[in-house]
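Peer 1: The lines below spell out each chain.
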Amino acid sequence: MTATMIRWSRALRLPDAALGLLGLLGLALLWELYKALGPADGWSIGGTRVLPRTTDLAMPHTWDVLIRLGEPLTAAPGAPPLWVAVAQASLFSLGIALAGWAIGVVVGFALAVLMARVRVAENAVLPLVVLSQTVPLIALAPVVRSWGSRIQVAGVTWEAWMSVAVIASYLAFFPVAVGALRGLQSPETLHTELMRAYGTGWWTTLVRLRLPASVPYVLPALRLAAANAVVGTVVAEVSTGLPGGVGRMILEFANFASSDPARPWAPLMGAVALGLLVAGLVGALGLPLARYRRTEVPA
Amino acid sequence: MSAPTAGGRGTTVAREALPRVAAPVLLAGGLLVVWEVAVVTAQIPPFLLPSPRAIAGEVQAMWPTLSGAIVVTGTNALVGLVIGALVGVGAAILAGMARSVDRVLAPMVAGLAVVPIVALAPVLYTMFGAAAETARWVVAAVAAFVPVFVTTLRGLRQTRPVHRDLLRVYAATRRQVTRTLTIPTALPFVFTGLRLASSLAVISAIVAEYFGGPRTGIGSFITTAAAGSNYARAWAFVVGGVVVGLVFYGVTLALEHLVRRRTAPVVSR
Amino acid sequence: MTTPGEPPTDQRAAAVEVRSVSRVFGSGRQAGPVVALDEVDLTVAAGEFVSLIGPSGCGKSTLLRLVADLDTPTAGSITVFGRSPEQARLAHDYGIAFQQAGLLPWRTVRANVELPLGLHGTGRAERRARAEHLLELVGLADFADHFPDQLSGGMQQRVAIARAFAEEPSLLLMDEPFGALDEMTRERLQVELTRICAQTRAAVVFVTHSIPEAVFLSDRVVVMSARPGRIQQVVDVRLGAGAAREDTLRQDGAYFDAVTEVRAALHGGEPARVVGVENR
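Which chain is which? The protein sequence lines are A, B and C, in order. Quick note on the numbering used here: the first sequence kicks off at 1 and runs consecutively. Quick note on the numbering used here: the second sequence kicks off at 1 and runs consecutively. Quick note on the numbering used here: the third sequence kicks off at 1 and runs consecutively.
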């Protein structure tokens, strides 16, 4: 009975989404309230401003931000509306993020299978994999920038966007490696011993038992990896200076903060939409695998 | 992921701990040696990969600047982590008490979790002024808020039916239930969230520096060095970031173990 | 133990008095309502040991939860020492033990036993003395400073029993407390339980799946049947006088007779079809 109810409430996402919008409205209200009542120059403690300035330049009205989306990007004739420009940039980033995600998933899964197969590999690799995430190796992004167009791999010139995808994949592989390893190791002793009794080899056991058993662990990991790939893409676009994507647009539009204060908010919304879109796409991957997901665990 | 340290007791720890510690250390050391040898023998250009020795040399040479940057970025991450954790725990308690709060917050947090929070940095620099570190605190705080909120809320819902029945039989007051059952049950979850948040806070604090603001922290120096084609130096600052990340991870991991020692081993990720 | 303003414990009243109690669960659209208990009557005298036994779904645990005020009856009335289950609960009239020991993993054995005393404002020194005494009673004095995860299942259950006796209740409610234990541990704890009960003169309502266990422990065994949950038969056991329950009793002829009688009652519950009746 409960299971049916949960499935129903999942199908009817509407109330949840509506409540989320309600929350957003609440935030907007807070924003306007603070803007109306807060001091123009913010509030500082010991020279550090801890509450923001409330001028129209620092905090544009929420409706101004929305209106600006519909207006042309620049005063030049034939300029596309701002929202179209943002959407184009976001789609560009979407492609890179998905590429990075795919690389990360392949590498992560390969590592997980290796670690599940060879005990020593797990002992040696897993701690480093865990450490790799505590360490902000994304700090490398500006360094990787220098690879652009300067090296060739198998006759193909290394493109700048590839650097971005590599950084995105670096952030994406971790949850997959850890989640898949946990999933591959999740079958109970009872089940592995059953396969042993049947005389099946390791690879057959992998395909028949471990892979299906890993689905509830892998799917949340894939979603997490997708979110990480988006973050990686945006950040890497910023630090490698790759033009065309939403990350670079965020940085460029920040320069208009004093002349066109609503404009920097547009690519920000593009990045948010990008994150939600990728999460939705990857979430849809799980739909056909419902029968393997009866015991899903949160990532 | 629970920590890669040993479980169990007594001699098994000693017997299993050695390969558990030795294997990753050997692998890491081996990778460093391969890196050094490869860079030197294959004459890999420094823009691609400087040698570990060159990086170590830069770390030494830049130490005064580097240590200052470590302190600045570390402080930003810490301030953000503390604010984000406090708000996260507070919001989780509210959501745990009132279903309506949970229903409004849950979709927003789910959204926040998949959205690149650092993208907020430029508008925050405008709001708080580009000379202040405040924008970086906010970015780190928002990033830290998400895992702390999620794990704390989960922890608040972990009380077992048998324990709830027991306290009802004892006619315990709400306060007593909170003190003797809910908080001790949730505490290890809070600290797991804190550990996850610590890495995010550090990364966010560094990355927020890529988007502008005062040129004081590790992220700023990495971009400066890379822009000046001084790659070994850029890597030296990356090493600084590694140090901050490890310190935050180590401290929160130790806290988590301290709290978790005597509680049911339920949380893992 | 009595707080002013509440009806006082009536020492002459029965420990538990159940009058035509029914409990119907949910009315889910597909499943329809489930009648867990149907018009059940039962009286447990002060100091009496009564077991509830029956197949899964006969409502024995439900009945116990109703007495403990962990659930409310759909119809009928229950009194515990002459007052409502809620009043009895608020006055800490009874102790309770579940199938799971339910120890708080972050508290030492001693702190677990002290838990109800602490919640009800007993002073530190008295708490400590009481816990010491109880742990001695269940043979765990040496383990006072251990944590639950360091104990075996049987030891954990002994701590739970010590905790149930913490406030010297005149009624003890036990829901399959030995259900998850191995047979040897089980029999040892049964002997221990009868000894403690004889010392404290507490009435006990004991839910179990095991016929030998019910017979060995009880003055009376209440045999229940399922769908709907009803009392099938009450078997008077009354082996030996009060305290005299030792392991030797398990070879006694009267004991076997009682086992046979309870088993017959369980089978008699559904003469047409034996399907679904579970007994050992």
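There may be inaccurate statements among the hints.
[Claimed, not checked] Here are some chain B residues the structure puts well away from chain A; computed CB gaps all over 12 angstroms: (1) L27; (2) R53; (3) T134; (4) R160; (5) L187; (6) I206.
[As the list claims (entries may be wrong)] Incomplete in silico selection of chain A near chain B, CB under 10 angstroms: (7) A28; (8) L29; (9) T54; (10) A160; (11) M162; (12) V231; (13) V234; (14) P267; (15) V272; (16) G275.
Derived by calculation from the structure, the hints in this document are not laboratory data. For clarity, every value in this text was computed on a predicted model and none was experimentally measured. Virtual Cβ for every residue (Gly too), placed ideally from N, Cα, C.
Peer 1: Decide, hint by hint, whether the structure agrees.
Peer 2: Right, here's what the structure says about each hint:
Residue placement check: L27/B does not keep its beta carbon more than 12 angstroms from all beta carbons of chain A (closest about 4 angstroms). With 12 angstroms as the threshold on Cβ separation, the claim that R53/B sits away from chain A holds: the shortest Cβ distance comes to roughly 17 angstroms. The non-interface label for T134/B is inconsistent with chain A: the shortest C-beta to C-beta separation is roughly 6 angstroms, within 12 angstroms. No Cβ of chain A comes within 12 angstroms of the Cβ of R160/B; the nearest lies about 18 angstroms off, and the non-interface call holds.
With a least CB separation of 19 angstroms from chain A, L187/B remains clear of the 12 angstroms interface cut-off, as annotated. Some Cβ of chain A comes within 12 angstroms of the Cβ of I206/B; the nearest lies about 5 angstroms off, and the non-interface call is violated. Evaluation of the A28/A hint against chain B yields a violated restraint, the C-beta minimum of about 12 angstroms exceeding 10 angstroms. The restraint placing L29/A at the interface with chain B is violated, with a minimum CB-CB distance near 13 angstroms, outside the 10 angstroms limit.
The beta carbon of T54/A comes within 9 angstroms of a beta carbon in chain B, closer than 10 angstroms, and the hint placing it at the interface holds. Interface hint status for A160/A: violated, as the beta-carbon distance to the closest one in chain B is roughly 14 angstroms, over 10 angstroms. A least Cβ separation of about 14 angstroms between M162/A and chain B goes past the 10 angstroms threshold, and the interface hint is therefore violated. With its C-beta approaching chain B no nearer than about 4 angstroms, V231/A sits inside the 10 angstroms limit, and its interface hint holds.
A hinted interface residue such as V234/A counts as satisfied when its beta carbon comes closer than 10 angstroms to some beta carbon of chain B; here the least separation is about 4 angstroms, so the hint holds. The beta carbon of P267/A is positioned within 10 angstroms of a beta carbon in chain B (closest approach about 8 angstroms), and the interface hint is therefore held. For V272/A, the suggested interface contact is upheld, since its CB lies about 5 angstroms from the closest CB of chain B, less than 10 angstroms. Residue-level restraint check for G275/A holds (minimum Cβ-Cβ distance to chain B is 4 angstroms; threshold 10 angstroms).
In summary, the structure is inconsistent with hints 1, 3, 6, 7, 8, 10, 11 from the numbered list given earlier, while agreeing with the others.
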